[in-house]
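Listed here are the chains, written in short residue letters.
Protein chains: 2
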Amino acid sequence: MSEELVVFFKALSDANRLKIIGLLAQQPYSVEELAALLNLKASTVSHHLSKLSQVGLVSARADSYYNVYQLDEKALEAKSRNIFSQENLAASVADVDAGAYDNKVIKDYTRKDGSLKTIPAQRKKLEAILRYVVKAFEVNKRYSEKKVNEILSRYHEDTASLRRELVGFGLMKREGGGGEYWRES
Amino acid sequence: MSEELVVFFKALSDANRLKIIGLLAQQPYSVEELAALLNLKASTVSHHLSKLSQVGLVSARADSYYNVYQLDEKALEAKSRNIFSQENLAASVADVDAGAYDNKVIKDYTRKDGSLKTIPAQRKKLEAILRYVVKAFEVNKRYSEKKVNEILSRYHEDTASLRRELVGFGLMKREGGGGEYWRES
DNA sequence: AATCTAATTTGATAAGTATCGAATTAGATT
DNA sequence: AATCTAATTCGATACTTATCAAATTAGATT
Chain X
27 MSEELVVFFK ALSDANRLKI IGLLAQQPYS VEELAALLNL KASTVSHHLS KLSQVGLVSA
87 RADSYYNVYQ LDEKALEAKS RNIFSQENLA ASVADVDAGA YDNKVIKDYT RKDGSLKTIP
147 AQRKKLEAIL RYVVKAFEVN KRYSEKKVNE ILSRYHEDTA SLRRELVGFG LMKREGGGGE
207 YWRES
Chain S
27 MSEELVVFFK ALSDANRLKI IGLLAQQPYS VEELAALLNL KASTVSHHLS KLSQVGLVSA
87 RADSYYNVYQ LDEKALEAKS RNIFSQENLA ASVADVDAGA YDNKVIKDYT RKDGSLKTIP
147 AQRKKLEAIL RYVVKAFEVN KRYSEKKVNE ILSRYHEDTA SLRRELVGFG LMKREGGGGE
207 YWRES
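These protein sequence lines map, in sequence, to chains X and S.
Note that our numbering gives residue 47 to position 21 of the first sequence, counting from 1, and the numbers run on in steps of one.
Note that our numbering gives residue 170 to position 144 of the second sequence, counting from 1, and the numbers run on in steps of one.
Source of the hints: derived by calculation from the structure; they are not laboratory data.
If you're wondering where the values come from, they're calculated on a predicted model, not measured in any experiment.
Because identical chains share one entry, a pair is satisfied inside a single copy or across any pair of copies.
Taking lysine-lysine pairs in the DSSO-like style, the calculated list, with each CA pair at most 30 Å apart, reads: (1) Lys-67 - Lys-143; (2) Lys-67 - Lys-133; (3) Lys-67 - Lys-130; (4) Lys-67 - Lys-138; (5) Lys-77 - Lys-150; (6) Lys-77 - Lys-151; (7) Lys-67 - Lys-151; (8) Lys-100 - Lys-36; (9) Lys-150 - Lys-100.
Could you build all of it, start to finish, from the sequences and the hints given here?
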C-alpha cells in the first residue's frame with residue numbers, strides 16, 4: 027500500500043523532526059533534553075517522537091524518570107535503501123485506473139447515444155477514440171468496406187477518415203487486394 | 027542547510043505526488059493525462075508537478091500543445107543514495123544550540139544573583155549545574171578546602187555536597203594528601 | 001492575424017498539523 | 001503510602017496546504 031510510504035515521508039517532512047534524527051544519530055536523548063535543545067515544549071517533542079516512532083525510526087527505553095529515545099539505525103538504513111525500489115514505485119500506482127484517460131476522452135467526445143461530436147485532432151485523443159470505436163467490430167471477423175462504413179456511420183459521418191485512421195493506427199487491418207477489413211486481437 | 031531536505035521530503039509527502047512519480051517511472055505523461063489518470067483537475071496536477079520539479083525530480087518538455095513531464099531517474103537515484111548521509115544528518119543539527127540544555131537547567135535552578143535554589147537530584151541536571159558552578163574556579167589554580175568552601179557558599183550552603191560532586195564528576199581534582207583542589211582544563 | 005488548446009496562476013475553501021498550555025498518566029523516590 | 005517528576009494526552013489556535021473554479025498565459029494550428 028502506498029499510504030505507508032506517505033506516512034514515512036510525512037514523518038520526515040518537518041525541520042524539527044529532522045533535527046531530532048540528527049541529534050539522536052549522535053547519542054540518545056530524553057524528551058526533556060530534546061525540548062531544551064530544540065527550544066520547544068516537551069509536549070511538542072513528544073508529538074514529534076510519536077510520529078517518528080510510528081514509522082519505526084526511533085524507540086524509547088525507560089531510565090529512571092526519563093524516557094530516553096534512540097535512533098534505529100538499522101531501520102534508517104533499510105528504509106533509505108529501498109525507498110524508490112521497483113516495488114514501491116509499482117505500489118504507488120497500484121490503484122490508478124489505467125483506463126481513466128481513455129474514459130475521460132470518450133466522455134468528452136461522445137453524445138449520450140455514443141456517437142462522436144467531432145473527431146479529435148490531437149493524436150492521443152484520436153487514439154483513445156479509435157480504441158473506443160474499434161470495439162464495434164468483432165475480432166477476426168471479415169467486413170466489406172461497405173459494411174465497415176455502415177458501422178462507422180453510427181459514430182460519425184466522416185466514415186472515410188475514421189476508416190483510414192483505424193488502419194493507420196493498426197487497430198484494423200486491410201487485405202491488400204480485395205477491400206476486406208478485420209479487427210485483430 | 028536543512029531546509030532543503032525538508033522541502034524534498036515535503037515534495038514526497040503526498041499520495042498523489044507519489045502516484046505521479048510512479049506513473050512517470052513507466053513513461054512520460056502530459057498534465058492532462060495525469061489529471062485524468064489521477065482523477066484530479068489539471069490545475070491541481072500542475073501544482074503537484076511544480077513541487078516535484080522544484081526539487082529536481084521531474085522536468086518538462088514541450089510537445090505541440092502538451093507539456094510532457096518526465097522523471098529524472100538520475101536525480102531520484104542520487105537523492106535516495108545520500109538522504110541519510112553523514113553530511114545531511116550533520117546539516118540538520120547545524121543550527122542546534124548545543125548548550126541549550128545546560129542553559130535551561132541553569133535558568134531553572136538559579137536565582138537572579140546566580141545562587142542555587144536547590145541542588146538537583148537528577149544526575150543530568152546536577153551535571154549541568156556543576157558545569158556552571160565550576161566556572162567560578164580558575165583553570166589549574168590551587169585552592170585550599172577552606173577557599174573552595176568559601177567560593178561554593180556563594181551558590182549553596184551545602185558546600186560539602188557541591189565539593190564532593192564536583193570531584194565525583196571529575197570536574198575538579200583533589201590531591202590525595204594535602205587537601206588542595208584544582209580545576210582541570 | 002485570429003483562434004484554439006493545454007498549462008499555469010490566482011483566489012477561495014476545507015482539511016491537516018505544529019505548537020502551546022493545562023490536565024492526566026506512569027513511574028520512581030522518599 | 002505519599003509525593004515528586006517526566007512524559008503523554010487533550011483542547012485550542014494559528015499556519016500550512018491540497019483542491020477546485022475562474023482568469024490568464026503560452027504556444028500551436030488554421
